[in-house]
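Protein chains: 2
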Amino acid sequence: MRKILLRIAYDGSAYHGWQKQDNADTVEGRMYTALSELCPEAELCGGSRTDAGVHARDNVVLCITPDEFRIPADRLPMALNRRLPGDICVCSGEERNEDFELRGAPCRKTYEYRILNTAMPDPMRRLYCAHVSFPLDENIMAEGAAHLVGEHDFTSFSSVHAQVQTRVRTIFSAEVERHGDEILIRVCGNGFLYNMVRIIAGTLVELGRGACAAEDIKRMLDAKDRQAAGPTAVPEGLCLKRYELL
Amino acid sequence: MRKILLRIAYDGSAYHGWQKQDNADTVEGRMYTALSELCPEAELCGGSRTDAGVHARDNVVLCITPDEFRIPADRLPMALNRRLPGDICVCSGEERNEDFELRGAPCRKTYEYRILNTAMPDPMRRLYCAHVSFPLDENIMAEGAAHLVGEHDFTSFSSVHAQVQTRVRTIFSAEVERHGDEILIRVCGNGFLYNMVRIIAGTLVELGRGACAAEDIKRMLDAKDRQAAGPTAVPEGLCLKRYELL
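Protein chains in written order, with this note's numbering: chain V, 16 to 261; chain S, 16 to 261.
What the hints contain is simulated information worked out from the structure, not anything from laboratory work.
Honestly, I wouldn't trust all of these hints.
One copy or any two copies: either way a pair holds, since identical chains are not told apart in the list.
Here are the simulated lysine to aspartate or glutamate pairs, DMTMM-like style, with alpha carbons at most 20 Å apart [stated by the list, open to error]:
(1) Lys256 x Asp137
(2) Lys239 x Glu166
(3) Lys256 x Glu197
(4) Lys18 x Glu52
(5) Lys256 x Glu127
(6) Lys256 x Asp66
(7) Lys35 x Asp102
(8) Lys233 x Glu158
Looking at chain V on its own, in the form it has when it is part of the complex (with noise of 0.2 Å):
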């Protein structure tokens, strides 16, 4: 048996997420597409299972196949970059052994959120930002977006939806800065829970607004309770940056 991690990127724009599913059109069913050309017997492990709509410049899988499966690990990104489309990028292949574990293995992934923050929309940009039209202060955002930084459970940032046996995830940091016409929200954890970005970014929007203060972040931790805090923003404002193993 090999084990080959690879690292992807790709605009989610057309695609059901990235799970597998039987009647949609997803990232990693794309993959299975083009490794099953190479390999038929290859089965891809983990990788963030990212939403419809949110991209990714950096999420990771692990390709797992037969010895017999002779392509080295770097030659591998461009041998299925031949087979996938234009949206979907593998960028690099690393070989790892055996008994190497993707699921479960420590980790830290950034996640970042851009805010298009203008009267008018930009279409060039409308698949990669959310748009807000009324002005936002990032100082306040950013002030709100510290109070998230340590460990906590995240049930009211948490989709009610999602199932899993703890909803306490750490926070190693999180920013919020503005670049010209754009805010950027970014976020570095050890993990994350089914919508758990977007809703951070929406209740962000939320603060950054006036609608409520930087300290109700605290409040709406201790509340335990998804209807604490703000809406789920979109999904195409999102993007898995880095995803990096410990």
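Mind docking chain S on chain V? Use the hints.
Below, chain S alone, put in the same frame as chain V:
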């Protein structure tokens, strides 16, 4: 008769260029569809006729309506945007005198051509950048671009299919800059021939990879022969950034 000057941004990826055609989806065609719901008699006039796949941050078009059309010029963008797809946005509307003509009006157009200069393509920039995987020297490209500035016969830098009275145009500035992993070509002039900026970009890439020298641009201009210049670069890297009426 009313004349309203509209400024328009669009993602050209899905369209067969600006100009209305009978059997193809175009930006102008979509504008007519939206406009006809508000004023069936309205006509559109002018506008830079961008190619299939080329984008615009700021194209202009003159909307001509009967006097009975009552929507104020500054409200027309909102009314049109509600009827346009997300990849086209009318950014502003401005009332003009009845004797104003857009065609032939002195102007300054600024085009930008984006090149992603990395080993691997980027799915999230594939629609807005040309991808060049070999190293490019942006200093030689900038040196070559400088030779384009001034009034020249641009026959070598225009499609042989361009039907025009004269191929003499004035380039006010031509710059090449590296921004992170992208190379940006910015050309500003009083008018551009069919495919002209894409041929300039394709030629500057030839310079950047060392296939010819900066001074060769002068020889190419003098030749007045399309064969003398480099290839036509792909449309997706090109964007009309600014259309100034002088």
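The hints, checked one at a time:
1. With identical chains, the CA atoms of Lys256 and Asp137 are at most 20 Å apart between copies only, with a shortest distance of 12 Å across copies and 22 Å within one.
2. Taking the closest pair of Cα atoms, Lys239 and Glu166 come within 20 Å of each other only inside a single copy of the chain (14 Å); across copies the shortest separation is 68 Å, beyond that limit.
3. For the identical chains of this complex, Lys256 and Glu197 are neighbours both inside a copy (17 Å) and across copies (18 Å), given an alpha-carbon limit of 20 Å.
4. In the homo-oligomer, the alpha carbons of Lys18 and Glu52 lie at most 20 Å apart inside one protomer (18 Å), although the nearest pairing across protomers, at 58 Å, exceeds that limit.
5. When the C-alpha separation of Lys256 and Glu127 is checked against a cutoff of 20 Å, the pair qualifies only within one copy, where the shortest distance is 6 Å, while the shortest distance between copies is 27 Å.
6. For the identical chains of this complex, Lys256 and Asp66 are intra-copy neighbours only, at 15 Å inside a copy versus 33 Å across copies, given an alpha-carbon limit of 20 Å.
7. In the homo-oligomer, the alpha carbons of Lys35 and Asp102 lie at most 20 Å apart inside one protomer (16 Å), although the nearest pairing across protomers, at 29 Å, exceeds that limit.
8. For a Cα distance limit of 20 Å, the shortest separation of Lys233 from Glu158 inside one copy, 11 Å, qualifies, whereas the shortest one across copies, 56 Å, does not.
Checked against the numbered hints above, the structure violates none of them.
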